[in-house]
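J.: Next come the chains, spelled out residue by residue.
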Amino acid sequence: MGALQSLSDEPEYRELAEKTGFSFEQIGILHKRFKQLSHNEDMLRRADLDTIPDLACNPIRIQIIEAFFDKRNFHQNGDGTVEEISFEEFLVVMSHFRPPALNMTEEQREKVRREKLRFLFNMHDTDNDGTITLEEYRHVVEELLSRSGALGKETAKGIADAAMLEVASISMGHMEPDEFYEGITFEHFLKILKDIEIETRMNIRFLNMDTMTLCK
Amino acid sequence: MPAFSCAFPGCRRDLLVIVLVVFVGIGLPIEASAPAYQSHGTEGSYLTNVTNTKKAFPVLAVNYKHVRQPFEIALWILLALLMKLGFHLIPRLSGVVPESCLLIVVGLLVGGLIKVIGEEPPVLDSQLFFLCLLPPIILDAGYFLPIRPFTENVGTILVFAVIGTLWNTFFMGGLLYALCQIESVGLGGVDLLACLLFGSIVSAVDPVAVLAVFEEIHINELVHILVFGESLLNDAVTVVLYNLFEEFAKVGTVTVLDVFLGVVCFFVVSLGGVLVGAIYGFLAAFTSRFTSHTRVIEPLFVFLYSYMAYLSSEMFHLSGIMALIVCGVVMRPYVEANISHKSYTTIKYFLKMWSSVSETLIFIFLGVSTVAGPHAWNWTFVITTVILCLVSRVLGVIGLTFIINKFRIVKLTKKDQFIVAYGGLRGAIAFSLGYLLSNRHQMRNLFLTAIITVIFFTVFVQGMTIRPLVELLAVKKKKESKPSINEEIHTEFLNHLLTGVEGVCGHYGHYHWKEKLNRFNKTYVKRWLIAGENFKEPELIAFYRKMELKQAIMMVESGQLPSALPSTISMQNIQPRAIPRVSKKREEEIRRILRSNLQNNKQKMRSRSYSRHTLFDADEEDNVSEVRLRKTKMEMERRVSVMERRMSHYLTVPANRESPRPGVRRVRFESDNQVFSADSVPTVHFEQPSPPSTPDAVSLEEEVPKRPSLEADIEGPRGNASDNHQGELDYQRLARCLSDPGPNKDKEEDDPFMSC
Numbered sequence: 001m002g003a004l005q006s007l008s009d010e011p012e013y014r015e016l017a018e019k020t021g022f023s024f025e026q027i028g029i030l031h032k033r034f035k036q037l038s039h040n041e042d043m044l045r046r047a048d049l050d051t052i053p054d055l056a057c058n059p060i061r062i063q064i065i066e067a068f069f070d071k072r073n074f075h076q077n078g079d080g081t082v083e084e085i086s087f088e089e090f091l092v093v094m095s096h097f098r099p100p101a102l103n104m105t106e107e108q109r110e111k112v113r114r115e116k117l118r119f120l121f122n123m124h125d126t127d128n129d130g131t132i133t134l135e136e137y138r139h140v141v142e143e144l145l146s147r148s149g150a151l152g153k154e155t156a157k158g159i160a161d162a163a164m165l166e167v168a169s170i171s172m173g174h175m176e177p178d179e180f181y182e183g184i185t186f187e188h189f190l191k192i193l194k195d196i197e198i199e200t201r202m203n204i205r206f207l208n209m210d211t212m213t214l215c216k
Numbered sequence: 001m002p003a004f005s006c007a008f009p010g011c012r013r014d015l016l017v018i019v020l021v022v023f024v025g026i027g028l029p030i031e032a033s034a035p036a037y038q039s040h041g042t043e044g045s046y047l048t049n050v051t052n053t054k055k056a057f058p059v060l061a062v063n064y065k066h067v068r069q070p071f072e073i074a075l076w077i078l079l080a081l082l083m084k085l086g087f088h089l090i091p092r093l094s095g096v097v098p099e100s101c102l103l104i105v106v107g108l109l110v111g112g113l114i115k116v117i118g119e120e121p122p123v124l125d126s127q128l129f130f131l132c133l134l135p136p137i138i139l140d141a142g143y144f145l146p147i148r149p150f151t152e153n154v155g156t157i158l159v160f161a162v163i164g165t166l167w168n169t170f171f172m173g174g175l176l177y178a179l180c181q182i183e184s185v186g187l188g189g190v191d192l193l194a195c196l197l198f199g200s201i202v203s204a205v206d207p208v209a210v211l212a213v214f215e216e217i218h219i220n221e222l223v224h225i226l227v228f229g230e231s232l233l234n235d236a237v238t239v240v241l242y243n244l245f246e247e248f249a250k251v252g253t254v255t256v257l258d259v260f261l262g263v264v265c266f267f268v269v270s271l272g273g274v275l276v277g278a279i280y281g282f283l284a285a286f287t288s289r290f291t292s293h294t295r296v297i298e299p300l301f302v303f304l305y306s307y308m309a310y311l312s313s314e315m316f317h318l319s320g321i322m323a324l325i326v327c328g329v330v331m332r333p334y335v336e337a338n339i340s341h342k343s344y345t346t347i348k349y350f351l352k353m354w355s356s357v358s359e360t361l362i363f364i365f366l367g368v369s370t371v372a373g374p375h376a377w378n379w380t381f382v383i384t385t386v387i388l389c390l391v392s393r394v395l396g397v398i399g400l401t402f403i404i405n406k407f408r409i410v411k412l413t414k415k416d417q418f419i420v421a422y423g424g425l426r427g428a429i430a431f432s433l434g435y436l437l438s439n440r441h442q443m444r445n446l447f448l449t450a451i452i453t454v455i456f457f458t459v460f461v462q463g464m465t466i467r468p469l470v471e472l473l474a475v476k477k478k479k480e481s482k483p484s485i486n487e488e489i490h491t492e493f494l495n496h497l498l499t500g501v502e503g504v505c506g507h508y509g510h511y512h513w514k515e516k517l518n519r520f521n522k523t524y525v526k527r528w529l530i531a532g533e534n535f536k537e538p539e540l541i542a543f544y545r546k547m548e549l550k551q552a553i554m555m556v557e558s559g560q561l562p563s564a565l566p567s568t569i570s571m572q573n574i575q576p577r578a579i580p581r582v583s584k585k586r587e588e589e590i591r592r593i594l595r596s597n598l599q600n601n602k603q604k605m606r607s608r609s610y611s612r613h614t615l616f617d618a619d620e621e622d623n624v625s626e627v628r629l630r631k632t633k634m635e636m637e638r639r640v641s642v643m644e645r646r647m648s649h650y651l652t653v654p655a656n657r658e659s660p661r662p663g664v665r666r667v668r669f670e671s672d673n674q675v676f677s678a679d680s681v682p683t684v685h686f687e688q689p690s691p692p693s694t695p696d697a698v699s700l701e702e703e704v705p706k707r708p709s710l711e712a713d714i715e716g717p718r719g720n721a722s723d724n725h726q727g728e729l730d731y732q733r734l735a736r737c738l739s740d741p742g743p744n745k746d747k748e749e750d751d752p753f754m755s756c
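If you read the protein sequences in the order shown, they are chains A and G.
Take 1 as the starting number for the first sequence in the UniProt record's numbering and just add one per residue.
Take 1 as the starting number for the second sequence in the UniProt record's numbering and just add one per residue.
Be a bit skeptical, because a hint or two may be false.
[To be verified] Listed below are several chain G residues computed to face chain A (Cβ distance under 7 Å; list not exhaustive):
#, residue
1, 181
2, 182
3, 409
4, 475
5, 479
6, 500
7, 502
8, 503
9, 589
[As the list claims (entries may be wrong)] Covered stretches of chain A (chain G as the covering partner; in silico rule of three or more C-beta atoms under 8 Å from a C-beta of chain G):
#, stretch
10, 92-101
11, 157-167
Keep in mind that the hints were calculated from the coordinates and are not lab data.
None of the values given here were measured: they were computed from a predicted structure.
No residue lacks a Cβ here, since even glycine has one placed at the ideal position from N, Cα and C.
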């Protein structure tokens, strides 16, 4: 099935493959999924993603959906959000979840790591000012704990405060009591998360295999 | 236990001499007088019986026979532990040579000594080994198994364990048989089944040896879990193959049906072991739900249920090791949510203690048995065995990795493969299985010798050289990272993100099923197995509380503020700029209230209570509350001084200026509150989840109402404060320590207490 489709769209696919690094087969599969979600239209809207049943019980559903419509993730140096996306943009967002190839140099791995962490950073930095402020971070933790009711809300503040404190101490080391830590910049973000090996963890397995089952 | 009594058949005097020599030889002056008494002991008691004259009542009469067995056992264990102690006093030695090697050498020496005296050294009795020495080590390994890396790599581990072991067995068995066919070797009597049996014994990677060696080299998580997981899971294969070949050897012929039954047997053994372990695990979890009133015996449930799982599965010839591991893994999250912090610590230290003792004894006995055991040396056979072991292991790992890498996201590099191959150590399990071989096999002694040689080779040569090789090849080491709340938040975030993206792709992948399992766990299983309201608590909160608790404990230990945050950064550095303007009068009031708070806190010291059955509040809790007060006091004092400094910058602004930004002010005070409550988070609720009526809890709750008065004075949002404080009360009531994270954190907690 995939083969037939890729034959007809080959020139387009080639361009997409070069841009995002997916194989033709993977692009074909994702294109099918795109069409399924967008009801065979060319553009995908937020409402289409809202209807996915699997996402319904995800605490950070809204952030995930927003990430797809965030221009910063399209690798075109834009910012702001859009109302609908094309398949190409969908694919570019998905490419953040590709695993690094086996024979990558240390530099390339570093590049991949930065890209993935940038994606995460964009998800947190909702007002696009280049820093994650305390409020934004609190919002993140609150969403994560949003399923625990009132108890979660109170602790969320404490946790976010403690986390911010940790970032500040690791990045700034020493601050006078009068100084103010504006927020987590991207460099600080890289620093505090350098130990979680994101290039091996932030991957979707299916994008690696040639055979798959499209469920739903 | 029959082991010791049958091992010392000689007369008592010789035993005493041996004991003396052993002690003197190692340089311990302990109980030197005791043996002297014993030599007169029994004669003395006979004398008093026989003479029957009006002798004085025997003030001192010694009866050695009465205590002989436990005495000997205790002596051996003491000897082993003193040896262990001795090594660590010689710093350079323990850095170069792994402990297991040293212990075997000691065993050799002791065995040699015993032999020189003319006694029969005791051999490592298989029953003793399998029923007493092995379970603690496996339980320790299973209970503290790092779940995340294990489940992520379970496919790879299973492939190595099952297919790798099968490959090793047949490769070695076949080639050795071929070897025996050669005329010049002179081993014509060995048939194929015997060779295959030998192959099955020698091919399994041993968890005890792997643990002993890998613990010291701190290799990266992936390789560690691969080798270690393989050593644990190949038990099922070994059990099946061993029994299978024993049966076949007895019968003599093999039919296709037998082979088929063998395969079925493998599934029965492994899945049966898993099932038995799971059942006992759930039983233990369920039992722990009700132990809130009898905290003292909680650890025993964990140990006994696990041991029962092991024994039950051994009874049915299922895989005991797998049962034990599954039991530990299954019961851990629920049991830890239910038991007190002290019970958790007890379980951890008892497991580590027992497994340490077992390991030491096993290696010493290996050494002793080498001296003792009947040996039949055949150069060709033994050398070939050793070489074949290495070769088959390397070939197996390379071949399997080639296939596995097609299915893995994170491929195994050549370095990883090398360490996995090189780390395939053989140990005491192989020896015990060989010892269990009935004497029918005429090659039994030859096999035993070969097994011992292989074990020695792997433990000494591979064990000693693996550390420099790891350094040389610059293999990735384990990251010594402190638990970071940012990492924890982002790990959780990533999990949800990846699950969500999998949902968008429409692919039911790894994360999807993990999420489904979690949800099932939360809604159904936890409800039954976790006491009180705790089952609703998410992991992130548990982690955060555990961190706070650890900080508090660290403060108790060191008597000062924890150095986790070496900088002077505090809450005021990250708060949004807007600082409430306060008038001079208000400032005075604030100061007055803060100082009176301080006074009140000092007065609220609990009296101690000691009770055998409740083991309530020990020094630690008092210290923690003391420390908490100290910390609060320091915070308050600092705050007061800071406020005093700030006051000079303030303008007095009327109240209505503030109202446009109530959110910000609200933020400030709530976070103030949070800072206080962060101190009080590691509360004394170490014991029970139910609303306690202990004086300490009361004192805490009395403390809290003070704060709203502070708020009220500063035109603060009172409603908010009381909500906050109600939440805090709830929160304190539900304060529990969950231990979520894996071995890194466990090991870190070890550092202040244990040296090894």
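J.: Hint compliance check: list the failing hint numbers for this structure, sorted ascending.
T.: 1, 2, 4, 9
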